[in-house]
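Q: Sequence:
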Amino acid sequence: MLLHQKASCGHALHSAGRRSNRAAFKCFSSHTTPSVPEALVSTRPVHELKSSLADVAKACNPQQLIAEAPSSVGSNYTPWAVAGGVALALLALKRVYDTPSRTYNNNVGDEYDAWTNEGILEYYWGEHIHLGYYTEEERAAGWWKADFKANKLRFTQEMFKFSGSQQPKRILDVGCGFGGSSRWLASQFPDAEVIGITLSHKQVQRGTELAAERGLNNVKFMVMDALKMQFADDSFDLVWACESGEHMPDKKAYVEEMARVLAPGGKMVIACWCQREAGVNGAPPLSPKEQEDLNFLYEEWAHPFFISIQEFCRLMQGTGKLEQVGSEDWTPQTIDSWRHSNLVGVLDPWFVVFKWNPKVWYKVTREIVTLERMHQAFAKGLMQYGLMRAMKPAKVVQEAGSSGSTSSSTSSSSSSSSISSQESQAAAAAASV
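Position 243 (the sequence shown) corresponds to 243 in UniProt numbering; numbering is contiguous.
No lab work stands behind these hints: they were computed from the structure. All C-beta atoms in this analysis are idealised placements derived from N, C-alpha and C, irrespective of residue type, glycine included. Possibly wrong hints are sitting among the right ones.
DSS-like mimics (lysine-lysine), calculated; alpha carbons at most 25 Å apart, straight line [stated by the list, open to error]:
| no. | residue 1 | residue 2 |
| --- | --- | --- |
| 1 | K252 | K395 |
| 2 | K252 | K228 |
| 3 | K94 | K321 |
| 4 | K289 | K380 |
| 5 | K321 | K169 |
| 6 | K228 | K202 |
| 7 | K202 | K359 |
| 8 | K289 | K149 |
| 9 | K161 | K149 |
| 10 | K228 | K169 |
| 11 | K321 | K228 |
| 12 | K395 | K94 |
| 13 | K169 | K145 |
| 14 | K161 | K363 |
Here are the computed distance ranges between Cβ atoms for each label pair [to be verified]:
| no. | residue 1 | residue 2 | range |
| --- | --- | --- | --- |
| 15 | G215 | R95 | 48 to 54 Å |
| 16 | P358 | G164 | 23 to 29 Å |
| 17 | P358 | K252 | 38 to 44 Å |
| 18 | G282 | K359 | 46 to 52 Å |
| 19 | I368 | G142 | 44 to 50 Å |
| 20 | L90 | E323 | 50 to 56 Å |
| 21 | T135 | D233 | 37 to 43 Å |
Let the sequences and hints guide you as you build the complete structure.
A: See the structure below:
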């Protein structure tokens, strides 16, 4: 019974709040007499014990405990409360940034319209809105010392070398952005006709403005779906696709359409962010964490899905129209672009700051997070930077000889530079934007 009474007393003190313990201890130590501990374990008569317990209850005045508790709470628990609040806020913020904001929904044109209107992408990345090419020397010396925009131009130059094309006369840039690659190709081959297509009306407008500023008359831009191109078969002797395949909801149709419009003897080159091979040819399947990471990258920047470098090659071979299919992994040459993109923004934030637009600020902070997550995906091998190329074999034309025998000759790889009636209609529609 006495032990039960002791437990009840302890429970009463505990119910006053653990944060009052220091005050309670002070109360016991200053008001109890040496006989109190003895009373709680003694065999003295019950009436004497009751008297001793009453003295304890009287000494531990609840009002005194309550009065002393706030100072105890303030001195011991405020730092922990602040830390807990900060931790909860950070967890909530992480959840916001871990939730994708731009899931693919046939909205690629709208997203690029917004990016072009803001001007942020052009300000920081320049005309070439794709990754840069970093040499071994630059990587050894430190990527942050390299010229960010110059490396993007170098990528275009290296991509052209990789294509194997020599003197193209008619060039198609599939998913041209606001035309950085198109204008460079037009400047390098002034006798060639260059056409860039995109889903973004604003990119067509901006690309046309920049071409006029540079006095380039051999390049034009059109709003056109790359999966349903309005060009005749065998129209271009160089088909160029730089970082557009990521946004295509039907990769097979994407490759087949480019193969269709490629002229005999012409070259096709594709640069694309690819995910690693998974679940085929002995490659391990994606882990749940890898799939989660990919889903974020899909849904934050309006990507339906990625495919592997190997799958691109299989699609190119599967057209039945292409030969000399080859590929390279340019991850080492390009991976530093992701963090370099963030660095240039950190060193020069004022273009964004002076927008005085909280929505833009929030959007840019999301881009920073996604750029870093892209870097990590490439660094871990989940993503790879693929370069793919192929050639369309030249047609063999059979000619009847005077004696009835036949001889064969190879047709020229260059196609007519005249625009078909369908293309003229597309150009007129683009001009009216």
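Q: Check each numbered hint from earlier against the structure, then list the numbers of those it violates in ascending order.
A: Numbers 3, 8, 12, 13, 14, 16, 19 - these are the hints that the structure violates, sorted from lowest upward.
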